[in-house]
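Participant: Here's the letter readout for the chains.
Number of protein chains: 2
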Amino acid sequence: MTTADGTFGAAACSTCDNGAPLGLNPTADHPIAPGGIPNPGATYVVPARQGRAVRVRRGQTVCIINPHGTQVGDAWALNTDDLGEYLSMPHTRAATDHLIPRVGDVLVSNRRRPMLRFSADTSPGVHDTQMAACDLYRYRGLGVADYHDNCADNFRMALQAVGLRAQDVPAPLNLWMNIPFQPDGSVAWLPPVSNPGDHVMFTACMDLVVVLSACPQDIIAINNRKPMELHVQVLDADVGAASSKEKERST
Amino acid sequence: MTTADGTFGAAACSTCDNGAPLGLNPTADHPIAPGGIPNPGATYVVPARQGRAVRVRRGQTVCIINPHGTQVGDAWALNTDDLGEYLSMPHTRAATDHLIPRVGDVLVSNRRRPMLRFSADTSPGVHDTQMAACDLYRYRGLGVADYHDNCADNFRMALQAVGLRAQDVPAPLNLWMNIPFQPDGSVAWLPPVSNPGDHVMFTACMDLVVVLSACPQDIIAINNRKPMELHVQVLDADVGAASSKEKERST
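Protein chains in written order, with this note's numbering: chain B, 1 to 251; chain G, 252 to 502.
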């Protein structure tokens with residue numbers, strides 16, 4: 001890797017890519033529809049322990065539903081026309097000045113452009129932006145010897161199922177994940193406080209691929225130790241705008 | 252981008268790369284030494300508004316010094332042998348259960364392997380893992396029309412100066428950056444509380460390239476509105492281990 005003059009070889013980045021799944025589950029060949037293009041208003045199931053990619057056009061609203069209330073959903077969004085632009089939690093926190101997104105926040109990309117407007121949330125609003133998606137390394141560390149479904153691979157496979165590939169797994173928005181933090185910065189990992197049927201809505205500010213993983217974590221308590229399915233819908237109307245206005249009027 | 256059968260073209264990822272700087276400053280051609288290889292014990296200056304890459308071998312300790320106490324340092328680390336493995340804040344928070352690293356914490360990579368042991372900190376310990384590196388988009392948003400030095404480009408240029416390139420800019424460890432958070436998750440952006448001459452030490456758990464940017468932010472208060480230089484040293488001894496033991500004995 002080091003050349004005679006002490007410099008690095010230019011090929012050092014040839015192995016940079018983190019886009020390939022480290023194992024497989026049905027996510028890889030079960031898109032919601034060819035190309036991930038939804039029928040507006042239809043309900044699609046993200047089965048327990050799996051992921052799905054859904055195209056959401058600018059102005060459409062994606063609605064993510066937690067049927068049992070106990071399930072964490074790892075969520076990502078990528079610019080349809082350039083997968084190098086993706087929803088970024090570190091940029092979003094800087095844009096919103098919130099560690100946890102709230103209704104009304106505009107979530108931004110790694111190029112600080114608006115991607116998603118958080119337009120409705122029927123749950124108590126406990127979500128997480130701190131933790132990496134679970135991955136095979138995580139389960140190795142938790143003592144799992146064989147392959148374990150994981151959100152990072154679900155992201156990679158869900159893209160693969162619609163003919164796409166990203167070079168890395170961005171830090172996700174962990175919907176309903178309950179990671180309380182103390183003033184000293186220490187955190188805990190607790191089950192969701194959301195209720196059965198709770199949903200969140202995000203209105204797309206650009207054409208996006210939204211990826212959702214029903215987190216397969218069954219070793220620690222964050223899914224109440226029983227991974228369940230999630231539902232996803234894409235709505236043509238900017239439903240969230242009405243919800244937000246209602247919220248404004250009521251507060 | 253969409254083919255006749257509704258699927259995405261496989262080439263959608265051809266523009267994924269975020270490795271090229273969006274502008275230049277002297278960082279690009281002023282490495283600390285050929286290949287970024289330091290003389291152990293020597294002090295290298297990271298000039299105000301610039302970045303530098305430094306090779307740190309496993310078992311060596313990198314010491315980062317804040318001569319004026321008012322300067323934020325954006326820090327990254329990459330596996331020398333595979334730049335696709337990098338210090339990851341979302342994985343580190345999950346490993347340490349801390350939003351802000353503390354002495355004794357082991358900071359991990361995106362593959363959850365130990366990269367840096369936080370071995371000493373003479374400052375009050377106020378650092379940040381929440382915020383993305385400042386970038387050209389950030390300064391555009393703050394009203395700067397021309398090029399503005401920024402930490403993201405400093406990272407890219409510092410690597411370039413030692414013959415390397417990464418495909419993206421990971422979320423940095425923002426040394427001495429003062430981003431207090433409230434129980435409701437709202438944050439503020441305040442000047443550092445560190446003192447002149449404060450330093451932090453990290454012992455390398457693998458062969459690394461450490462990149463440091465003396466943050467050029469002069470519009471908001473996080474560098475007390477006057478970007479200054481930082482110093483960096485690489486020490487052959489595992490100095491931090493002694494410091495940590497002393498700390499253990501004293502507590």
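Everything labelled a hint here was simulated from the structure, so no lab data went into it.
Heads up, the beta-carbon is just placed ideally off N, CA and C, and yes, glycines get one too.
One thing to keep in mind: the hints can contain errors.
[As the list claims (entries may be wrong)] Cβ-to-Cβ under 7 Å is the rule here; a few derived chain G residues that face chain B:
hint, residue
1, N269
2, P291
3, Y295
4, L334
5, P341
6, H349
7, I351
8, V354
9, R362
10, A371
11, P375
12, Y388
13, Y390
14, P442
15, D449
16, H450
[Stated by the list, open to error] Far from chain G, by Cβ distances over 12 Å, these chain B residues were calculated:
hint, residue
17, D17
18, P40
19, G41
20, I100
21, R138
22, D146
[Claimed, not checked] For each label pair, taking beta carbons as the anchor points, the in silico distance ranges come out as:
hint, chain 1, residue 1, chain 2, residue 2, range
23, G, A472, B, I219, 39 to 45 Å
24, G, A488, B, G59, 24 to 30 Å
25, B, G23, G, V296, 43 to 49 Å
26, G, G448, B, D81, 48 to 54 Å
Participant: Compare the structure with each hint and give your call.
Facilitator: Each hint, compared with the structure:
Of the supplied interface hints, the one on N269(G) holds, with its beta-carbon coming within about 6 Å of a beta-carbon of chain B, less than 7 Å. A distance limit of 7 Å between C-beta atoms decides the matter here; for P291(G) the minimum to chain B is near 15 Å, and the interface restraint is violated. Using the Cβ-Cβ criterion of 7 Å, the hint placing Y295(G) at the interface with chain B is not satisfied: the shortest such distance is roughly 15 Å. The criterion of a C-beta within 7 Å of any C-beta in chain B is met by L334(G), whose closest approach is roughly 5 Å, and the hint holds.
Evaluation of the P341(G) hint against chain B yields a held restraint, the C-beta minimum of about 4 Å falling below 7 Å. Hint on H349(G) holds. Least Cβ distance to chain B is approximately 5 Å, under the 7 Å limit. Residue-level restraint check for I351(G) holds (minimum Cβ-Cβ distance to chain B is 4 Å; threshold 7 Å). Because the closest C-beta pair between V354(G) and chain B is about 13 Å apart, greater than 7 Å, the hint is violated.
Of the supplied interface hints, the one on R362(G) holds, with its beta-carbon coming within about 5 Å of a beta-carbon of chain B, less than 7 Å. Below 7 Å, beta-carbon pairs count as interface contacts, and A371(G) has none with chain B, the closest being about 19 Å; its hint is therefore violated. The beta carbon of P375(G) is not positioned within 7 Å of any beta carbon in chain B (closest approach about 13 Å), and the interface hint is therefore violated. Annotation: interface hint on Y388(G) holds; nearest CB of chain B at approximately 4 Å, less than 7 Å.
Hint status for Y390(G): violated, given a least beta-carbon distance of 10 Å to chain B, over 7 Å. Taken as an interface hint, P442(G) does not check out: its beta carbon lies about 17 Å from the nearest beta carbon of chain B, beyond 7 Å. Proximity of D449(G) to chain B is violated relative to the hint, the smallest CB-CB distance being about 19 Å (cut-off 7 Å). Because the closest C-beta pair between H450(G) and chain B is about 21 Å apart, greater than 7 Å, the hint is violated.
At roughly 6 Å from the closest C-beta of chain G, the C-beta of D17(B) falls inside 12 Å, breaking its exclusion from the interface. Non-interface status of P40(B) relative to chain G is upheld: no Cβ of that chain comes within 12 Å, the nearest being about 15 Å off. Consistency note on G41(B): stated as away from chain G, and its beta-carbon is indeed over 12 Å from all of that chain's, at 18 Å minimum. With a minimum CB-CB distance of about 4 Å to chain G, I100(B) fails to clear the 12 Å threshold, and the non-interface call is violated.
For R138(B), the shortest C-beta to C-beta distance to chain G comes to about 6 Å, within the 12 Å cut-off, and the non-interface label is violated. Residue placement check: D146(B) keeps its beta carbon more than 12 Å from all beta carbons of chain G (closest about 17 Å). With their beta carbons about 43 Å apart, A472(G) and I219(B) fall inside the hinted range of 39 to 45 Å. Between A488(G) and G59(B), the C-beta spacing of about 60 Å breaks the proposed range 24 to 30 Å.
Checked against the given bound of 43 to 49 Å, the beta carbons of G23(B) and V296(G), roughly 47 Å apart, stay inside it. Look at G448(G) against D81(B): about 49 Å separates their beta carbons, and that is inside 48 to 54 Å.
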